[in-house]
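Protein chains in written order, with our numbering: chain W, 1 to 449; chain V, 1 to 449.
Please note that a few of the clues may not be correct.
If several chains are the same, the list does not tell them apart, and a pair holds so long as it fits within one copy or across any two.
Pairs of lysine-lysine, DSS-like flavour, derived with a Cα cap of 30 Å [as the list claims (entries may be wrong)]:
id	residue 1	residue 2
1	Lys-174	Lys-413
2	Lys-104	Lys-152
3	Lys-278	Lys-352
4	Lys-20	Lys-449
5	Lys-348	Lys-20
6	Lys-152	Lys-52
7	Lys-348	Lys-413
8	Lys-278	Lys-257
Keep in mind that the hints were calculated from the coordinates and are not lab data.
For reference, the chains in residue letters:
2 protein chains.
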Amino acid sequence: MLTQEGRIALTDITDLNLLKAELNRLPPVDAGDYIAELSPQQQAIAFRLLNKNQAIAVFEYLPQEVQEELIGSLHDAQVFHLVESMSPDDRAELFDELPAGVVKRLLQQLSAEERQATATILGYPEGTAGRVMTTEYVRLRQGLTVGEALNKIRRNDEDKETIYYAYVTDDNRKLVSVVSLRQLLFTIPDVLIREIASQRVVRVRTDTPQAEAAQLMKRYDLIAIPVVDREDRLVGIITVDDVVDILEEEATADIQKLAGVSGGDEAALSPPHVTIRKRLPWLLANIGLYVGAASAIAPFQQVISVVPVLAVIMPILSNTSGNVAIQALSVTVRGLGVGEVTPLDTLKILRKEILAGLGTALALAIALGILSLIWSPPQERWVAIVAASVMAINVFVAASLGTMLPMGLKRLKLDPALISGPLLTTILDAVGFLTFLSLISLALRMMAK
Amino acid sequence: MLTQEGRIALTDITDLNLLKAELNRLPPVDAGDYIAELSPQQQAIAFRLLNKNQAIAVFEYLPQEVQEELIGSLHDAQVFHLVESMSPDDRAELFDELPAGVVKRLLQQLSAEERQATATILGYPEGTAGRVMTTEYVRLRQGLTVGEALNKIRRNDEDKETIYYAYVTDDNRKLVSVVSLRQLLFTIPDVLIREIASQRVVRVRTDTPQAEAAQLMKRYDLIAIPVVDREDRLVGIITVDDVVDILEEEATADIQKLAGVSGGDEAALSPPHVTIRKRLPWLLANIGLYVGAASAIAPFQQVISVVPVLAVIMPILSNTSGNVAIQALSVTVRGLGVGEVTPLDTLKILRKEILAGLGTALALAIALGILSLIWSPPQERWVAIVAASVMAINVFVAASLGTMLPMGLKRLKLDPALISGPLLTTILDAVGFLTFLSLISLALRMMAK
Chain W
1 MLTQEGRIAL TDITDLNLLK AELNRLPPVD AGDYIAELSP QQQAIAFRLL
51 NKNQAIAVFE YLPQEVQEEL IGSLHDAQVF HLVESMSPDD RAELFDELPA
101 GVVKRLLQQL SAEERQATAT ILGYPEGTAG RVMTTEYVRL RQGLTVGEAL
151 NKIRRNDEDK ETIYYAYVTD DNRKLVSVVS LRQLLFTIPD VLIREIASQR
201 VVRVRTDTPQ AEAAQLMKRY DLIAIPVVDR EDRLVGIITV DDVVDILEEE
251 ATADIQKLAG VSGGDEAALS PPHVTIRKRL PWLLANIGLY VGAASAIAPF
301 QQVISVVPVL AVIMPILSNT SGNVAIQALS VTVRGLGVGE VTPLDTLKIL
351 RKEILAGLGT ALALAIALGI LSLIWSPPQE RWVAIVAASV MAINVFVAAS
401 LGTMLPMGLK RLKLDPALIS GPLLTTILDA VGFLTFLSLI SLALRMMAK
Chain V
1 MLTQEGRIAL TDITDLNLLK AELNRLPPVD AGDYIAELSP QQQAIAFRLL
51 NKNQAIAVFE YLPQEVQEEL IGSLHDAQVF HLVESMSPDD RAELFDELPA
101 GVVKRLLQQL SAEERQATAT ILGYPEGTAG RVMTTEYVRL RQGLTVGEAL
151 NKIRRNDEDK ETIYYAYVTD DNRKLVSVVS LRQLLFTIPD VLIREIASQR
201 VVRVRTDTPQ AEAAQLMKRY DLIAIPVVDR EDRLVGIITV DDVVDILEEE
251 ATADIQKLAG VSGGDEAALS PPHVTIRKRL PWLLANIGLY VGAASAIAPF
301 QQVISVVPVL AVIMPILSNT SGNVAIQALS VTVRGLGVGE VTPLDTLKIL
351 RKEILAGLGT ALALAIALGI LSLIWSPPQE RWVAIVAASV MAINVFVAAS
401 LGTMLPMGLK RLKLDPALIS GPLLTTILDA VGFLTFLSLI SLALRMMAK
């Protein structure tokens, strides 16, 4: 039955026949979820309850570690049948994870065509359009009529991932035009394809970053986008269901890099030791860096013992400029991520951030100035002025760096999210503390005279 | 021509006829981008260069403020024609922004059917499935044959947002089953729909949160999902192009809330005063809060002047537990966002975070302990032990709060991202400083005896 989230839930089924019926009736993704929750032994049993087609469908939805488990526990014949029937892109993803030996054996068993398809995809680097595309699409030769096209599509639908677009190629397999199933349906059969097909085909190359491909499909509301090689020959398509996943992956990656952590969508559920492995290195590295910031304070212990209110002010200074930096950083990284911002906007944004930064800096400086006045004993009122000025500088630097660093990285064709929040705040603290304490001790020395 | 991002760019066109040709040849979204860049006066001119259909298509892609500008500058007849031809969901979005008076006038001019459609959508609250759905879908009565169905679809394609799914309803308009265009195409015309249509239709209700609808479509790889009312009557569909936008919106909202900022995807490009308005309040509120944290230090100024190394240690303490909190927070919020984590996992995650938190806390405590040893003068070595213990406690609390707070909010059906990074780190600092300094002064007093 449907849970209130609309998902289908299997609750405490003990009767195997009942389970079998249920598992074969469920949508593959739900059956997959159910099986994934079981123990390895139960998984093997449950999976054997699936009838041929359901097994194939469910297998594609299983987590990779479960797929590997099953490949180990099923008979070679079953395994081979499963792998042969997977769509090339999912198969490639699976092969990525399997031990090289197993992959080699499986590849050999595949039909020449399927082997070719998988090899092609595996040939492209992670994160490129070539790696996420599928090689199963509808290709039409030029000069067909609408009727002939529809018949061709009808004839070999089965193994096509989408039939909603058909791509027209010339004799050299070069991509010429695209026609939608919608157009085909609403045109008289004996019209020539070339009369209705659109010559302007938005396409990506095999080495286009997957995120860029996804953004293009989003921009043009495409259900699929063709992938071509350097010679503009059609080699595959990316379908919209992959795009949805890609966009979520990218967003998750941005969020996690900004927070100085990794692990992907499942990070929240990974076991403790994995969590520690994924987070501790970042934290230790950051402490290491932060020693730099803190060491900037060490030499001034004398000053602090004389003006202890500094110990109250410095955290506010650090915390606030840190927040400013994170704000600018997140907004910029996300803007670049969704394609709202391009490196071309650098100047525009720089100008804007400088103005906004100045305004913010002023407001925050005044705030801290007032606070320092309240906290400092009468004879240390002057500290307020220093605090305010350093706050102004630091906040301004924070806003500028938070914007410019990711823009710069993007320009260098690097990942804008490389500069994580923790890293940036650490740098800012180092600078902030140093300026603040140097100015204070300078002031002290001048007063001593 | 195509820019390297695959977008189409118009560069310095001065000849109006050339511009007209270009604008009408471009994909609507690109023409829209070009026009949006122009000055209001130029926009009105450029827009008048578009032929009827292109104008309608382009209008839907224009930013809302530009749409409003145009509605002001065009003749009522043109405006009415544009609005009448918009798809109901886009029209609803536009009406949201327009002054009530204008909306009222436009609604009156609409055909009864179009008015009804828009009114329905506007009737549902922001962020629900009802608000983002379109009322233009293919609906089939039960008992039709495949052939009849295809003919019906052929007859009134024009104003349907997608024809790739057709929804079968009973005499009370209740949703009964769904059939894909693919199925229709690959079945003999005189088969009855009910023989091939799937009874198990994943659906959402008008009041389902848009994010939930998007996650369902992602889960089941749907190109459209039907929206039903309380009586399970079909009232609209959400198409995959909207889902892509919804998922990106949600991710952006999470990122920005985590960073304590707002403004949506375009935040990076908004003018300085807007940026300040969007960010400064958060920052000032945070300083306000942070005064609490800092005030925790104020009473201990005496202690600090005696043991100035504290001023070196405290920033590390605060920075590190802050990072731990942000990591846990981001991972949890994102996990909830993509539906990987549900409130049901609370216990599982709590157990895991406690273990991971302990491990992390231990490692970081040792690290800080060693550092304090290095910085403290011989007679203050004991500070290292206090520092290490407080670090351990604080980091552990940070990891737990960073995970549990968003889970708790989700359980209360609130937005998990409500607890922003800055807010959490401020709380942690307050607690951390207070514990640390109290323990230190306690130790001092004991040694004084």
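Status of the hints after comparison with the structure:
no.: 1; hint: Lys-174 to Lys-413; result: within (29 Å within a copy, 52 Å between copies)
no.: 2; hint: Lys-104 to Lys-152; result: neither (34 Å within a copy, 51 Å between copies)
no.: 3; hint: Lys-278 to Lys-352; result: between (36 Å within a copy, 14 Å between copies)
no.: 4; hint: Lys-20 to Lys-449; result: neither (90 Å within a copy, 76 Å between copies)
no.: 5; hint: Lys-348 to Lys-20; result: between (61 Å within a copy, 28 Å between copies)
no.: 6; hint: Lys-152 to Lys-52; result: within (27 Å within a copy, 35 Å between copies)
no.: 7; hint: Lys-348 to Lys-413; result: within (19 Å within a copy, 40 Å between copies)
no.: 8; hint: Lys-278 to Lys-257; result: both (12 Å within a copy, 23 Å between copies)
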